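Asker: Here are the chains, one letter per residue:
There are 2 protein chains.
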Amino acid sequence: MADCFELVADCRLRAATDLFAHTWNPVVLVALHEAPRRRVELRASIGGISDKVLTETLRRLLGYGLVERRRFAEVPPRVEYALTALGRSLFEGPMRALGEWVHEHGDQLIQ
Amino acid sequence: MADCFELVADCRLRAATDLFAHTWNPVVLVALHEAPRRRVELRASIGGISDKVLTETLRRLLGYGLVERRRFAEVPPRVEYALTALGRSLFEGPMRALGEWVHEHGDQLIQ
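Heads up: the protein sequence lines correspond to chains U and Z, in order.
52 is the number that the UniProt record's numbering gives to position 52 of the first sequence; each next residue is one higher, with no gaps.
22 is the number that the UniProt record's numbering gives to position 22 of the second sequence; each next residue is one higher, with no gaps.
For reference, chain U alone in the conformation it holds in the complex (with noise of 0.2 Å):
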């Protein structure tokens, strides 16, 4: 059992949990789990996220490491965004859990 669990409210826990804590984090983890996006393509694959937003939850998730930006030399040049091993690792297991977990209890969350 991760050690973590003891000291409760000064674990690492805290560190990940507040991961979640920016909504919009998870939607565009979510959102490029399939494949890299460019900007564009990831704007209109989250519906009602603003430029503003996109750009601010972008920079937290490249700060994490979570997810990296892939400059390609092209004419124009093309920037993609994609999961870093790190956020791949994120998605695959407590991410994806917590999608099955919902898929399974979902309604009995909502009030």
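Don't read these hints as lab results, they were simulated from the structure.
Predicted model only: the values in this text are computed from it and were never measured.
Backbone N, C-alpha and C define an ideal beta-carbon position, used for all residues, glycine too.
Mixed in with the good hints, there may be bad ones.
[To be verified] Short derived list, chain Z residues pointing at chain U, Cβ under 10 Å:
| no. | residue |
| --- | --- |
| 1 | D18 |
| 2 | V79 |
| 3 | A97 |
[Said to hold, decoys possible] DEER-style ranges, computed between Cβ atoms:
| no. | chain 1 | residue 1 | chain 2 | residue 2 | range |
| --- | --- | --- | --- | --- | --- |
| 4 | U | A21 | Z | G65 | 19 to 27 Å |
| 5 | Z | G65 | U | R38 | 22 to 30 Å |
| 6 | U | G65 | Z | E68 | 33 to 41 Å |
| 7 | Z | A82 | U | G47 | 35 to 43 Å |
| 8 | U | E41 | Z | E56 | 23 to 31 Å |
| 9 | Z | A82 | U | R71 | 49 to 57 Å |
| 10 | U | D107 | Z | E104 | 29 to 37 Å |
| 11 | U | A21 | Z | G63 | 39 to 47 Å |
| 12 | Z | G47 | U | E56 | 41 to 49 Å |
| 13 | U | E74 | Z | G63 | 50 to 58 Å |
| 14 | U | T23 | Z | P36 | 24 to 32 Å |
| 15 | U | L62 | Z | V75 | 56 to 64 Å |
[Claimed, not checked] Chain U residues, not near chain Z, derived (Cβ > 10 Å throughout):
| no. | residue |
| --- | --- |
| 16 | P26 |
| 17 | R39 |
| 18 | D51 |
| 19 | K52 |
| 20 | T55 |
| 21 | E56 |
| 22 | R69 |
| 23 | A73 |
| 24 | V79 |
| 25 | L98 |
| 26 | E100 |
Knowing the structure of chain U, use the given hints to seat chain Z on it.
Answerer: Same frame as chain U, now just chain Z:
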């Protein structure tokens, strides 16, 4: 694969990740995972939580159906908080997966 992933921004994953939008929600769930606790025990086991924040957090978790309040007809009356079956399934599934992910990758996350 939970079909929730197709409707990225509007799916029930948002309902679940919103659970973690309040930093203290997972902290209180972790504090209850071993055994039901009285309020005073909860505050003691969670470093840095104020009375007001604990009240608000318990109210949310009760509202979600993740925690239940048990009243014992004793003198003086005793009240305990405990995980419900739904709360237990959230803890044992996604939260444990997140705890273990953090245990393995936590250092890479913290900038």
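Asker: Work down the list of hints and note, for each, if the structure agrees.
Answerer: Status of the hints after comparison with the structure:
1. D18: Holds: closest Cβ of chain U sits about 6 Å from D18/Z, inside 10 Å.
2. V79: violated (20 Å)
3. A97: Result: holds, 4 Å to nearest chain U Cβ.
4. A21/U - G65/Z: 19 to 27 Å: holds (22 Å)
5. G65/Z - R38/U: 22 to 30 Å: violated (41 Å)
6. G65/U - E68/Z: 33 to 41 Å: holds (39 Å)
7. A82/Z - G47/U: 35 to 43 Å: holds (38 Å)
8. E41/U - E56/Z: 23 to 31 Å: violated (39 Å)
9. A82/Z - R71/U: 49 to 57 Å: Holds, at about 52 Å.
10. D107/U - E104/Z: 29 to 37 Å: holds (32 Å)
11. A21/U - G63/Z: 39 to 47 Å: violated (19 Å)
12. G47/Z - E56/U: 41 to 49 Å: For G47/Z and E56/U the Cβ distance comes to about 30 Å; the hint is violated.
13. E74/U - G63/Z: 50 to 58 Å: With a Cβ separation near 51 Å, E74/U and G63/Z satisfy 50 to 58 Å, so the hint holds.
14. T23/U - P36/Z: 24 to 32 Å: With a Cβ separation near 31 Å, T23/U and P36/Z satisfy 24 to 32 Å, so the hint holds.
15. L62/U - V75/Z: 56 to 64 Å: holds (59 Å)
16. P26: violated (5 Å)
17. R39: Its Cβ never comes within 10 Å of chain Z, the nearest being 15 Å, so this holds.
18. D51: About 15 Å separates D51/U from the closest Cβ of chain Z, which puts it past 10 Å; holds.
19. K52: Its Cβ never comes within 10 Å of chain Z, the nearest being 16 Å, so this holds.
20. T55: It holds; T55/U is separated from chain Z by about 16 Å at its closest Cβ, greater than 10 Å.
21. E56: Nearest chain Z Cβ is 15 Å from E56/U, so the label holds.
22. R69: holds (16 Å)
23. A73: holds (29 Å)
24. V79: About 20 Å separates V79/U from the closest Cβ of chain Z, which puts it past 10 Å; holds.
25. L98: violated (4 Å)
26. E100: violated (5 Å)
Figure legend: structure checked against the earlier numbered hints; hints not met, in rising order: 2, 5, 8, 11, 12, 16, 25 and 26.
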